[in-house]
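J.: Keeping the supplied structure of chain A fixed, place chains B, C and D upon it in accordance with the hints.
Protein chains: 4
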Amino acid sequence: KDIGRLIVQGTDQHGIVASISALLSEAGANIVSLDQHSSDPEGGQFFQRTVFSLPHLPARLEELREKLDARLTGELGLSWQLVEARQRKRVAVFVSKSDHCLLDLLWRQRRGELPMDIVMVVSNHPDLAKDVRPFGIPYFHVPASGGKVEAERRHLELLAGNVDLVVLARYMQIITEDFLEAVGVPVINIHHSFLPAFIGAGPYQKAKDRGVKLIGATAHYVTKDLDEGPIIEQDAIRVSHRDSAQDLARSGADVERRVLSRAVAAHCEDRILREGNTTVVF
Amino acid sequence: KDIGRLIVQGTDQHGIVASISALLSEAGANIVSLDQHSSDPEGGQFFQRTVFSLPHLPARLEELREKLDARLTGELGLSWQLVEARQRKRVAVFVSKSDHCLLDLLWRQRRGELPMDIVMVVSNHPDLAKDVRPFGIPYFHVPASGGKVEAERRHLELLAGNVDLVVLARYMQIITEDFLEAVGVPVINIHHSFLPAFIGAGPYQKAKDRGVKLIGATAHYVTKDLDEGPIIEQDAIRVSHRDSAQDLARSGADVERRVLSRAVAAHCEDRILREGNTTVVF
Amino acid sequence: KDIGRLIVQGTDQHGIVASISALLSEAGANIVSLDQHSSDPEGGQFFQRTVFSLPHLPARLEELREKLDARLTGELGLSWQLVEARQRKRVAVFVSKSDHCLLDLLWRQRRGELPMDIVMVVSNHPDLAKDVRPFGIPYFHVPASGGKVEAERRHLELLAGNVDLVVLARYMQIITEDFLEAVGVPVINIHHSFLPAFIGAGPYQKAKDRGVKLIGATAHYVTKDLDEGPIIEQDAIRVSHRDSAQDLARSGADVERRVLSRAVAAHCEDRILREGNTTVVF
Amino acid sequence: KDIGRLIVQGTDQHGIVASISALLSEAGANIVSLDQHSSDPEGGQFFQRTVFSLPHLPARLEELREKLDARLTGELGLSWQLVEARQRKRVAVFVSKSDHCLLDLLWRQRRGELPMDIVMVVSNHPDLAKDVRPFGIPYFHVPASGGKVEAERRHLELLAGNVDLVVLARYMQIITEDFLEAVGVPVINIHHSFLPAFIGAGPYQKAKDRGVKLIGATAHYVTKDLDEGPIIEQDAIRVSHRDSAQDLARSGADVERRVLSRAVAAHCEDRILREGNTTVVF
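Protein chains in written order, with my numbering: chain A, -2 to 279; chain B, -2 to 279; chain C, -2 to 279; chain D, -2 to 279.
Hint data in this document are derived by calculation from the structure and do not stem from the laboratory. There could be a bad hint or two in this list.
Since the list gives no way to pick out one identical chain from another, each pair is judged satisfied if it fits inside one copy or across any two copies.
Simulated pairs of lysine-lysine, DSSO-like, Cα-Cα distance not exceeding 30 Å [what the hints assert, rightly or not]:
id, residue 1, residue 2
1, 94, -2
2, 127, 94
3, -2, 203
4, 64, 221
5, 221, 203
6, 64, 127
7, 64, 145
8, -2, 64
9, 127, 221
10, 145, 94
11, 203, 127
12, 145, -2
13, 221, 145
14, 203, 94
The following block holds chain A by itself, in its conformation from the complex (with noise of 0.2 Å):
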């Protein structure tokens, strides 16, 4: 407790580092970590993501953010977040109806390894929700036959103000870019990935028909190009002629849910920067 995060990042300048270790320092923090990275050793970005333990925290917060402000935003030009490390994110949890994503998840969210609180999974099928009852989360069925106007509506309005994060966990509904506009926090998406990319309908009967010998998957923040987002987290798994398409898709699967725990931890701890389509992951 009493542990916030500073994430700062924009157009690298002298005297950086030491202005906001200086201000923190001043502030009475001690500093726990600090990750900091220049994209260039001159004139590039600057990315840096502090982690400080200060007495009183909460009742400090807003006498630092007025200092932030000030220093950082006013003097210097920089985007900068202060958060609590305690102020857990409300994530929604988007499924259709493949269980392995969303079970890693709250599996891990009740071991507490994923420092988050799931508020709701939406879904446009009903099939999942006595695996989500169990674990106390509501579960709302958002079914796609009204037609993707209504449905995101519907979404909007389950969503507004209630979540800091959506997972599409093996949402098989494209999103749009109103959608993506109107609902106004990040949305990490998982799909599958290969070397070579196998583009269109039956990618791993493409993969079984060249042989593959790797599959993989990728977790990214989804933008208007839909999967061509900043990338987050990749993983692949080795696979052989044994391996028919379903074996390759269940191995798929595997990867799938282990690359998308990994990146919503790090969403959920601060750890990711973006920077135009790439990510620094600290």
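T.: The following block gives chains B, C and D in isolation, referenced to the frame of chain A:
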């Protein structure tokens, strides 16, 4: 010594394994290892690799081939290949300026890890001659400046009858369909791979720009569709935002040499069976 | 359906493969996949796993067993096992308080990834009953407080005739040699592993104190030498100085569940052949 | 050029980061990357690695060192080290007869992947001289036949004042505690690792006899407890029953060269901070 390898493939039907093993048994051979795979329980493709020991194998090859021809080709309509394990594949390695894949092949061969003889190294650049000569292997510099037709004519002159395999170890020239047909031996290539794919020039920079966390390499047989041939081996390595595009290329080189050497070893041990655009690697 | 698996092992000699495949062929079976391994080209140990399809298999098992007995046991002195693939293994899972391995087995079975039936969960603690009951599987709480002799007597009552495999899924009680002999079915265990080993209590703290960068897990058959039995499956995961001893234990749990599930799957598909203190996993 | 690295460690206390970054900032330096770690939120050990650019760095080193001495040593009681990135470490590589680790180091250095100069190779055997000479590096053959005392006396003569690091690249002689004290520079060693451990002679055969599925390698600093020193880097590779003990040793060699090269690179980039028997690798 006196170890033989029998590779059989074709349309699956009842009794193939029994037929092959009876034939070998009658000939006095002892089966050392046998890998068999059918693409479907009924009516699929059949693949078998059998390693056996048979005293005085060299003297008995012809007789064995006649029997295999009668039984496998004649009665069962299968294709087969019989090789002596002691008969090492003769290999030509094509390179440009990058040394990582070439050196790994040379080292592993010298260590006795690759059952093959590198009989020549061919390059469109003179740079790597000094690395090859200490291994006692001829280095042929065939400049690209004379035009592709002329260069490939020279290549075919050098290769004709002299090699059982061509390995493109980061050879940065396009191979024509005419060359592939004329050379008459398998050609293995290595190239970088990403999940997702980054197509065109500067793939490492593109990968960096999207925050890629995993880069890989794929070894495959070259077909007329260039980089679309059947995959032999793949692997991947983790990277992070700390890696520059140049660092990514270095990590890529590490994976490439490892993947290519494994693919070449599998080929030289007759472990790879091709079918359509896929492979079975026993 | 109508898929059988024939496992054969013993002292290698000429003609075994031919003999087996002729026998299956004469019976009208079609070999779907065959893996064979000899520990030496001459005079080693022989291992073979054959999967075949044979119409009306259940009705023909007895006849087949008689033939195998005559040919393999009688003439060749080999041991063998013939199983129907549709005959799922009946499994008892033993747990204490950790849920990660148990839940992974339950999920995968429900998904259809593990060809087995979990017929009971046995624990020295009541804690995990609530996780097991929704799966419709009986949970037996056998407290350790009554003494080991009494507890193992209860275990044997529960297991006798009811199970084909016992899986110790982070069961933190010592298994006695008497129990192992009495239970009469294989017992699979999972435990953490390190390179190098950290023996005794608090292994994760010891690993942290030496700056370990890789932690792993090993699944093995339990023998009277406890954790020294033949290894089935292993894997490892990267860690760093950022990880506390508790984080290491969490990463260890991730590897453990993955490794145990793969080991159990391999066992239930009759892929594992034991010989002395080693395994052949086809 | 003009890139410096400042390594600081000691007992954690409030304001260290601020103090260091203020000092660098006042000196006109721009922080390029900063990694900081505390072993505990309060009262633990403090570790920081800062990379900075400072125009005319060589001319300003002395002044900077004076300031660091006053502030870090004097006021805060911390230990620190300031190095110019352009100042490459001078390295002696010790080998016996195995070439895999040596060749990987030589090749990576030539490619520019390792910021160091290999100033000599020392061996108790003459065998590898021919591999080293083409790289223009002196090879000193110090036979073990003259006794350990005499050999180590020769080693110290060769090394005194000439090297910043000794790398044991599969050097099969015991290093005495006297040598370690006299040599006065860090010594890195590589050895095979297994989960679980197989102690004593013939580890690969022992591993095979227990059906091991994973073999690894560990790079560590040498301390008087020989192979018990702080771990720098580890990795592992999958093996199977198909691999003979000799194959396992070959796979082990592949992991060893990879792990040792990564460990040496990390050391030469001043990424490794030691504390007790553990390491922080930034």
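J.: None of the hints should be skipped; say for each whether it holds.
T.: Against the structure, the hints come out as follows:
no.	hint	in the structure
1	94 to -2	between (38 Å within a copy, 27 Å between copies)
2	127 to 94	both (12 Å within a copy, 24 Å between copies)
3	-2 to 203	between (50 Å within a copy, 27 Å between copies)
4	64 to 221	neither (35 Å within a copy, 51 Å between copies)
5	221 to 203	both (27 Å within a copy, 19 Å between copies)
6	64 to 127	neither (49 Å within a copy, 50 Å between copies)
7	64 to 145	neither (45 Å within a copy, 64 Å between copies)
8	-2 to 64	within (22 Å within a copy, 36 Å between copies)
9	127 to 221	neither (33 Å within a copy, 43 Å between copies)
10	145 to 94	within (18 Å within a copy, 45 Å between copies)
11	203 to 127	neither (34 Å within a copy, 42 Å between copies)
12	145 to -2	neither (43 Å within a copy, 43 Å between copies)
13	221 to 145	within (16 Å within a copy, 44 Å between copies)
14	203 to 94	within (23 Å within a copy, 34 Å between copies)
In this structure, the hints that do not hold are numbers 4, 6, 7, 9, 11 and 12, in rising order.
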